[in-house]
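Okay, here's what each chain looks like letter by letter:
There are 4 protein chains.
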Amino acid sequence: MIRVTVWGENVHERTNELVRSVYPDGMHATIAAGLAEDARITTRTATLDQPEHGLTDAVLDDTDVLTWWGHCAHGEVEDEVVDRVHKRVLEGMGLIVLHSGHYSKIFKRLMGTSCSLCWREAGEKERLWVCNPSHPITQGIDRYFEIPNAEMYGEPFGIPVPEEQIFISWFEGGEVFRSGGTWTRGNGKIFYFRPGHETYPVYYQPEVRRVLSNAVHWAAPTTPRWIDEAPNVPPEQAPEPIEVRGATLHRPGDEGFK
Amino acid sequence: MIRVTVWGENVHERTNELVRSVYPDGMHATIAAGLAEDARITTRTATLDQPEHGLTDAVLDDTDVLTWWGHCAHGEVEDEVVDRVHKRVLEGMGLIVLHSGHYSKIFKRLMGTSCSLCWREAGEKERLWVCNPSHPITQGIDRYFEIPNAEMYGEPFGIPVPEEQIFISWFEGGEVFRSGGTWTRGNGKIFYFRPGHETYPVYYQPEVRRVLSNAVHWAAPTTPRWIDEAPNVPPEQAPEPIEVRGATLHRPGDEGFK
Amino acid sequence: MIRVTVWGENVHERTNELVRSVYPDGMHATIAAGLAEDARITTRTATLDQPEHGLTDAVLDDTDVLTWWGHCAHGEVEDEVVDRVHKRVLEGMGLIVLHSGHYSKIFKRLMGTSCSLCWREAGEKERLWVCNPSHPITQGIDRYFEIPNAEMYGEPFGIPVPEEQIFISWFEGGEVFRSGGTWTRGNGKIFYFRPGHETYPVYYQPEVRRVLSNAVHWAAPTTPRWIDEAPNVPPEQAPEPIEVRGATLHRPGDEGFK
Amino acid sequence: MIRVTVWGENVHERTNELVRSVYPDGMHATIAAGLAEDARITTRTATLDQPEHGLTDAVLDDTDVLTWWGHCAHGEVEDEVVDRVHKRVLEGMGLIVLHSGHYSKIFKRLMGTSCSLCWREAGEKERLWVCNPSHPITQGIDRYFEIPNAEMYGEPFGIPVPEEQIFISWFEGGEVFRSGGTWTRGNGKIFYFRPGHETYPVYYQPEVRRVLSNAVHWAAPTTPRWIDEAPNVPPEQAPEPIEVRGATLHRPGDEGFK
Numbered sequence: 041m042i043r044v045t046v047w048g049e050n051v052h053e054r055t056n057e058l059v060r061s062v063y064p065d066g067m068h069a070t071i072a073a074g075l076a077e078d079a080r081i082t083t084r085t086a087t088l089d090q091p092e093h094g095l096t097d098a099v100l101d102d103t104d105v106l107t108w109w110g111h112c113a114h115g116e117v118e119d120e121v122v123d124r125v126h127k128r129v130l131e132g133m134g135l136i137v138l139h140s141g142h143y144s145k146i147f148k149r150l151m152g153t154s155c156s157l158c159w160r161e162a163g164e165k166e167r168l169w170v171c172n173p174s175h176p177i178t179q180g181i182d183r184y185f186e187i188p189n190a191e192m193y194g195e196p197f198g199i200p201v202p203e204e205q206i207f208i209s210w211f212e213g214g215e216v217f218r219s220g221g222t223w224t225r226g227n228g229k230i231f232y233f234r235p236g237h238e239t240y241p242v243y244y245q246p247e248v249r250r251v252l253s254n255a256v257h258w259a260a261p262t263t264p265r266w267i268d269e270a271p272n273v274p275p276e277q278a279p280e281p282i283e284v285r286g287a288t289l290h291r292p293g294d295e296g297f298k
Numbered sequence: 041m042i043r044v045t046v047w048g049e050n051v052h053e054r055t056n057e058l059v060r061s062v063y064p065d066g067m068h069a070t071i072a073a074g075l076a077e078d079a080r081i082t083t084r085t086a087t088l089d090q091p092e093h094g095l096t097d098a099v100l101d102d103t104d105v106l107t108w109w110g111h112c113a114h115g116e117v118e119d120e121v122v123d124r125v126h127k128r129v130l131e132g133m134g135l136i137v138l139h140s141g142h143y144s145k146i147f148k149r150l151m152g153t154s155c156s157l158c159w160r161e162a163g164e165k166e167r168l169w170v171c172n173p174s175h176p177i178t179q180g181i182d183r184y185f186e187i188p189n190a191e192m193y194g195e196p197f198g199i200p201v202p203e204e205q206i207f208i209s210w211f212e213g214g215e216v217f218r219s220g221g222t223w224t225r226g227n228g229k230i231f232y233f234r235p236g237h238e239t240y241p242v243y244y245q246p247e248v249r250r251v252l253s254n255a256v257h258w259a260a261p262t263t264p265r266w267i268d269e270a271p272n273v274p275p276e277q278a279p280e281p282i283e284v285r286g287a288t289l290h291r292p293g294d295e296g297f298k
Numbered sequence: 041m042i043r044v045t046v047w048g049e050n051v052h053e054r055t056n057e058l059v060r061s062v063y064p065d066g067m068h069a070t071i072a073a074g075l076a077e078d079a080r081i082t083t084r085t086a087t088l089d090q091p092e093h094g095l096t097d098a099v100l101d102d103t104d105v106l107t108w109w110g111h112c113a114h115g116e117v118e119d120e121v122v123d124r125v126h127k128r129v130l131e132g133m134g135l136i137v138l139h140s141g142h143y144s145k146i147f148k149r150l151m152g153t154s155c156s157l158c159w160r161e162a163g164e165k166e167r168l169w170v171c172n173p174s175h176p177i178t179q180g181i182d183r184y185f186e187i188p189n190a191e192m193y194g195e196p197f198g199i200p201v202p203e204e205q206i207f208i209s210w211f212e213g214g215e216v217f218r219s220g221g222t223w224t225r226g227n228g229k230i231f232y233f234r235p236g237h238e239t240y241p242v243y244y245q246p247e248v249r250r251v252l253s254n255a256v257h258w259a260a261p262t263t264p265r266w267i268d269e270a271p272n273v274p275p276e277q278a279p280e281p282i283e284v285r286g287a288t289l290h291r292p293g294d295e296g297f298k
Numbered sequence: 041m042i043r044v045t046v047w048g049e050n051v052h053e054r055t056n057e058l059v060r061s062v063y064p065d066g067m068h069a070t071i072a073a074g075l076a077e078d079a080r081i082t083t084r085t086a087t088l089d090q091p092e093h094g095l096t097d098a099v100l101d102d103t104d105v106l107t108w109w110g111h112c113a114h115g116e117v118e119d120e121v122v123d124r125v126h127k128r129v130l131e132g133m134g135l136i137v138l139h140s141g142h143y144s145k146i147f148k149r150l151m152g153t154s155c156s157l158c159w160r161e162a163g164e165k166e167r168l169w170v171c172n173p174s175h176p177i178t179q180g181i182d183r184y185f186e187i188p189n190a191e192m193y194g195e196p197f198g199i200p201v202p203e204e205q206i207f208i209s210w211f212e213g214g215e216v217f218r219s220g221g222t223w224t225r226g227n228g229k230i231f232y233f234r235p236g237h238e239t240y241p242v243y244y245q246p247e248v249r250r251v252l253s254n255a256v257h258w259a260a261p262t263t264p265r266w267i268d269e270a271p272n273v274p275p276e277q278a279p280e281p282i283e284v285r286g287a288t289l290h291r292p293g294d295e296g297f298k
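Chains Y, A, C and U supply the protein sequences, listed in that same order.
Counting in our numbering, the final residue of the first sequence is number 298, and the numbers go up one at a time with none missing.
Counting in our numbering, the final residue of the second sequence is number 298, and the numbers go up one at a time with none missing.
Counting in our numbering, the final residue of the third sequence is number 298, and the numbers go up one at a time with none missing.
Counting in our numbering, the final residue of the fourth sequence is number 298, and the numbers go up one at a time with none missing.
These are computed hints drawn from the structure, not numbers from a lab.
Hints may be right or wrong, so weigh each one.
Note that the list lumps identical chains together, so a pair holds whenever it fits in one copy or between two copies.
As the list claims (entries may be wrong) - Computed list of lysine-lysine pairs in PhoX-like fashion (alpha-carbon distance at most 25 Å, straight line):
1) K165 to K127
2) K148 to K127
3) K298 to K148
4) K148 to K165
5) K298 to K127
Here chain Y stands alone, though its shape is the one from the complex (with noise of 0.2 Å):
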């Protein structure tokens, strides 16, 4: 059983009333009902205002695998929150960053880089293309699958050369998009996944959710947890015999600085 967290902003859901009528239950509440389809995957889902946006340490300990909604209030994610969800991914929590959530303070931090693209609100058709058909996050995808009303998102998209190369957008307008890739960082595998405008359902298309559904079996850490800890290795305890020559700065037994 793996143990997903879904995470969302729960903002325009609740103050935009056409976001509303789509997402009457907010975004998370649809992504983790598509999620939970699957038998072997159970859900909960956090939100921007619950205490600590929902992610404590017992949540986070708690979770296999991460999925990130956010797009007018990135902004208003603490920092310290942020601090904890970068450890866990270190530590190999899989991370599943969803559209807007391009420009969130998690998957900036992650990715070191601007993270930024270009945009178009027109409600035009995508088409994802599989680039990997061998990838365990593209079975049960035919060639491509549609969008019938998708936000553009275009290239250049301001990322570190993805590890994997999974989806790329066609869009009607004419431009064409990185749609997933992946990265490890630490012990933590990512996803980014571009579907997810929340004025239209992508998150109720099937295709979404199969892609969702797989990066989840994906991206679950299949190793124990990895605490890094820059050790400080005491002479005595090299490897091969040493002399310890010339002046020191560190005492023995100090930690080093951070």
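Please arrange chains A, C and U on chain Y, whose structure you already have, making use of the hints.
Positioned in the frame of chain Y, the structure of chains A, C and U alone reads:
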């Protein structure tokens, strides 16, 4: 002429008798003097104690490559200055991160990982092996070079896999370390180079100076600055004619959420 | 149950008294026996002297992961068999290349580089450091393990930069080497693992056996076979309606040139 | 002055009336003429029908960058010539592979994959988007450029993930394709560039010529030739003093098995 700014923390050089005896004018001065041996390089220095740590917009605008050495005072570097340096790297400024700079805010920001490692301060011998004899950074270096007294850094090194592996170190005490690697972030080229503990005269050593000079040439930008803006492309400017469908969240002319 | 075929050159074991004394039944038998300690793995062996080197279509179709050890007879492996193995790797069969297999036809074919290295046969100590403690291949291995007597392989190693750096070796004589790395080619996962000179009992060592067993689990395909066909998409099957313009080189129904 | 050899198959230009009408002197001549517009580039051409396909040791020794266009006669390129070109790429010669050259022996040799793709010949519009505006290869190119009539190539493209993603194409018929990517093999830089079907005047188009000229500058070697020799390091030349232990397979002075 490549314009290099050599940034130094310059704390231990003022507070620790031993370090002062090795680097009486500060490590930054020694590093800059080494680079200045190359007639195609012009240098300035900047230190933590200066206003804005010496890294004003004007200085960064006038910098092609920044070198970074810090150790005990990483936490004292202002986030605002880190933001500024980060932005300039993405625009194309080269960055050379030295030794204990692996834990600097700017390196962690660019890598997105812990950047941690094992360490031992025993004055042992280090031998740096060239993994890529054809790389610009290793020109003029034989199959390897040695540093007689070094602080040991050992694997695992908590970094994203380098795009190019330039050096790997062998240590007398039995460890190994990925001592030289490169990454690209935005338009900026980044080189991490391990040697440089403050209690040893590493930055006077000809091979180290040669590597640094080579790295400056490699990291210097060759294309114009990239200003990355996430522009909106209005429907009427789409490359293919499209008709706007459905409701929209943004009004014409809105900037996106960041 | 993962089906592993252990391929061995099996030449020195028959012609060299020393090698025979270490591996009386052939190295392939010892490697297979080590893997068979894992109840989730089933093994068969194949050798150079068998018809089609024991690697018929039927055998490869029934193989999830192939391990490859060769040394003095790389040139005797038929190109037709190499083609067949190559095709199966691209379809998804895992491949574990051992020690002197760095110069095998199949490894060079997959890497596209020289795969060369420096070497010395002096029975010296090798210490393999774990670079990625969270990787499935390093589970059950401490920070490092040692091989008491090893042939030395040293940098530069003429490979494309590995997608994941798993191990780096320290040698008593002073060299280092990228001893474990991974690559993806098509649907196939590839792991190169350095230990294994035929004059030392390396494949009896528990840590080596553990790594090999881990690597088999890592390399086993998790998705259906990918048959890569370069299909023509006739104009009438284009996702968007198009009108054919201009003259054409191919007639309808033609296959492309290969 | 960068010395470029433009290799062309030159078959359809002689046998197909349509192709001859577009490229009366052969595509190689047109490509070379485009490059010759750059005063820092000097060109020669070589074709399949010449002795050794025009790629003798002397020619390759005098070549900094080789461009490769082939389509219907990939199989007629002698393996010995491919070996020679491969060796020169690893030594540092740049290689630019054009359009249907994706299926050339030399490209498949360097990639290690199938290099296959989907295709359609319908004279449709192609729009190439710049994914990396700061890369030397995209200088002078706007956000995108268009080719009015193109053969379509579609994903999945059977390549190792490019080290840098330079262009992605949008096709009128609805597909996308990774149209420009880079790889390093040994000391050699490789650029694949999609445009160039022989029935359309693509190599007369200014943007295509600009990209090719940029790519030549990018791919030209900047360091001395790397001769990769797999040397034996005798025990007495080990960096650390070692005593030979155990029996050996090789006698002093032996070369290794290849």
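How the hints compare with the structure:
1. K165 to K127: Intra 38 Å, inter 34 Å, cutoff 25 Å: neither.
2. K148 to K127: Cα proximity of K148 and K127: in one copy and across copies (14 Å, 13 Å).
3. K298 to K148: Close inside one copy (22 Å) and across copies (11 Å); limit 25 Å.
4. K148 to K165: Answer is neither: 28 Å inside a copy and 35 Å across each miss the 25 Å cutoff.
5. K298 to K127: both (15 Å within a copy, 23 Å between copies)
Consistency with the previously given hints fails for numbers 1 and 4, ordered from lowest to highest.
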